[in-house]
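S.K.: Sequence:
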Amino acid sequence: MIRTRFAPSPTGYIHVGGIRTALFAFLVARNAGGKFVLRLEDTDKKREVEGSEAHIIRSLRALGIEYDEGPDIGGPFAPYRQSERLDNYKKWAEKLVAAGRAYADPYTPEEVQKLRADAEESGKPFRFRDHRPENPPVWDESQPLRLKSDPKDYAWHDAVMGNLLAGADSIDDFILIKSDGYPTYNFAHIIDDLEMEITHIIRGQEFIASTPNYLNLYEALEITPPIFATMPHILNETGNKKLGKRDGAKDVLEYFRDGFVQEAMVNFIASMGWNDGTEQEIFTIEELIAKFTLDRVGRSGARFDEKRLVWMNSQWIKKLDLDDLYARTLGKSQTLSDALNNFWGPAGQNASDDERRKVLTIIQDRLKTLADLPTLSEYFFTRPEPNWGMIDENKQLKKLTRDEQIELLKAAADKLGKLDAENWNAEELQNTLNELLIETDSKPPILFSLIRYALTWAPFSPGLPETMMLLGRDETLTRLAQS
RNA sequence: GGCCUCAUCGUCUAACGGUUAGGACAUCAGGUUCUCAUCCUGACAAUCCGGGUUCAAUUCCCGGUGAGGUCACCA
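Going by our numbering, the first sequence opens with residue 651, and the numbers climb by one from there.
Source of the hints: derived by calculation from the structure; they are not laboratory data. All of these numbers come straight from a predicted model, not from anything done at the bench. Among the clues, some could well be false.
Simulated crosslink set (DSSO-like; lysine-lysine; CA at most 27 Å straight-line) [as the list claims (entries may be wrong)]: (1) LYS802 / LYS892; (2) LYS892 / LYS969; (3) LYS798 / LYS828.
Ranges of calculated distance between the beta carbons of each label pair, as one might list FRET restraints [what the hints assert, rightly or not]: (4) ARG1052 / ALA1021: 50 to 60 Å; (5) ASP800 / GLY831: 21 to 31 Å; (6) LEU986 / SER829: 36 to 46 Å.
In this text, a Cβ means the ideal position worked out from N, Cα and C, and glycines have one as well.
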């Protein structure tokens, strides 16, 4: 049984880099029919941010990354918060002490800092094991507990990175339990992964340097390490740094507020560092689950390109069926109980479901993000203020004088006015517009653009007959006359 | 700085010794009876550098260079 986990620390939100690690771990588990576990690594009280756990869970849910076991839903290996598992770490720590593989660190932080500074000054790398106390005090939990390491060279295999090597130099007596009684990540994750029967440790590149230390600890504990799968980093947009909160990496939930849909997010994140070897670009989550394998994950870092995400989002918006898309414009989500935001503009908010659906039908293909909704829809719900500046900036229309423009619009109003309500359909409207073209001796780029502006005063909108049908005869004529 | 990892169009990537180095995003140019967008067509655009190995290197090896990571009582 394949078991993978995502193990964030509750220090705030999750950004795209973190969510990709979670996604890949989820995909590995689902692909194999295994289990995906969420575990909270809350062992650093100082860095903990209030509300993080709920926020992280919400982020995963919003993306449809469902876990089988976790802090809020429990599971066979509960609890799933490390702060609630302190007894376990203590138990294993005592085993190490008894076996002579761990000892209490008698130095104060200042003393260690001094040793470190001295080493640095003399140009040598600092290793705690060079300063191992000869007769360490009995561990009374008020002092840090360190691993008594057994330095040696390591070669190991990583499911993504391939064969990795490290010399004994990189092994040191790292801290297992801090003086506050909490374990370090380095210790806790190994114990938890063992006890939770995790088969694959999928995590970011930043842990590769400390893997030799982990291997040394696995040996001391006499346990077999799981499979390692190390993900390359996602770099920030400007391009030369690991994506990180300190550099303003966006909260993934922010993308939902910006009008990106779940499928596009998942598709996009998966495409950074993974592909199936074909030329397929658009994948459903089901396809990703079916096709995902770690051996097709790339080894080099990927840069985050939001333009590509926008494109992918527009592809997904076009693919969604109307009911589904409509629900999302209201902020509803299949995987969240509470709503994200409602994207309709002020007038759209007051419109009926029926009206909004009709509008959505004809603008669906033009939405790149749900946030485009107001500019594409408000003019259907409320009469827009004329903005002649838009016409003056149009390279075709600005060739005409204002009088000529108004005359054309008047002609359009007259002509369309002769079309009665029962013939107010796409075909008749198109015919009428074509006749108008001949009668006014005008060209489509001139006449049609002008009418479109007069009806919508928007930078873009659907085709004229559709727009006119939705506005209705009276409103169409009123807007033409008013301009 | 030590150690580790990585390196194909501007960006995401394909290629697992033999291809005109493919696709997608972006950009640009046309087309679709309206602008923007969509959609269609086309164009532009890459193997970091230098050595090897080989009949043949994007691919294998070595050395540079560049980028990222890591050297915490953070994860």
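S.K.: It remains to establish, for every hint, whether it holds in the given structure.
M.R.: The hints, checked one at a time:
For the suggested pair LYS802 and LYS892, the alpha carbons sit about 30 Å apart, so the restraint of at most 27 Å is broken. Taking the CA atoms of LYS892 and LYS969, the gap is about 33 Å. The hint is violated against a cut of 27 Å. Distance hint between LYS798 and LYS828 is fulfilled; the C-alpha atoms sit about 15 Å from each other, no more than 27 Å. Hint check: ARG1052 to ALA1021, Cβ distance near 34 Å, so the stated range 50 to 60 Å is violated.
Restraint check, ASP800 to GLY831: a C-beta distance of roughly 26 Å satisfies the suggested window 21 to 31 Å. Range check, LEU986 to SER829: about 41 Å between beta-carbon atoms, so the 36 to 46 Å window is met.
Hint compliance for this structure: hints 1, 2, 4 are broken, all remaining hints hold.
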